[in-house]
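J.: Sequence:
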Amino acid sequence: MAPRMPVSMAPALSGLMQPQLLSLYANGFEISATGADLIVTFVHNGKSFATLNLSFTTAKALGSGLSQLVADLEDRSKTKVLSAEEVVKALENK
Numbered sequence: 004m005a006p007r008m009p010v011s012m013a014p015a016l017s018g019l020m021q022p023q024l025l026s027l028y029a030n031g032f033e034i035s036a037t038g039a040d041l042i043v044t045f046v047h048n049g050k051s052f053a054t055l056n057l058s059f060t061t062a063k064a065l066g067s068g069l070s071q072l073v074a075d076l077e078d079r080s081k082t083k084v085l086s087a088e089e090v091v092k093a094l095e096n097k
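Quick note: the sequence shown uses our numbering, first residue 4, plus one each step.
If you're looking for bench data, these hints aren't it; they were derived computationally from the structure. Since we're looking at a predicted model, the values are computed, not measured. Check the hints yourself; a few may be wrong.
[Unchecked claim] Straight-line Cα separation of at most 27 angstroms, DSS-like style, residue types lysine-lysine; simulated pairs:
| id | residue 1 | residue 2 |
| --- | --- | --- |
| 1 | K63 | K83 |
| 2 | K97 | K81 |
| 3 | K50 | K63 |
| 4 | K92 | K50 |
| 5 | K83 | K97 |
| 6 | K92 | K81 |
[Said to hold, decoys possible] Distance ranges between label pairs, derived from CB positions:
| id | residue 1 | residue 2 | range |
| --- | --- | --- | --- |
| 7 | V73 | N48 | 15 to 25 angstroms |
| 8 | L85 | T44 | 14 to 24 angstroms |
| 9 | V84 | I42 | 17 to 27 angstroms |
| 10 | E95 | L25 | 34 to 44 angstroms |
| 11 | L94 | F59 | 30 to 40 angstroms |
| 12 | E77 | V46 | 20 to 30 angstroms |
Don't be surprised by glycine CBs; every beta carbon is placed ideally from N, CA and C.
Can you build the whole structure from these sequences, using the hints too?
T.: Shown next, in the form of structure tokens:
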């Protein structure tokens, strides 16, 4: 079952669920901030390819939602999802 989305976010996102919606895949990211926004630069195989600007409020909600989704997966699978830092450390300890 998909995680429940706060009711207040559902109407705003319903307009985004269109077939022409841009689809991206990233295996890395960089985060920076200005006085007004948070900036996520998506990276694929070491190359930056897209930038997403978010308000701090939206960024906090997104971070919370992503964290909860991963925590739910870990609980259901009884397996810990490794962070990028943990993967790098494990690879260094061959």
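J.: Tell me, in ascending order, the numbers of any earlier hints that this structure violates.
T.: none
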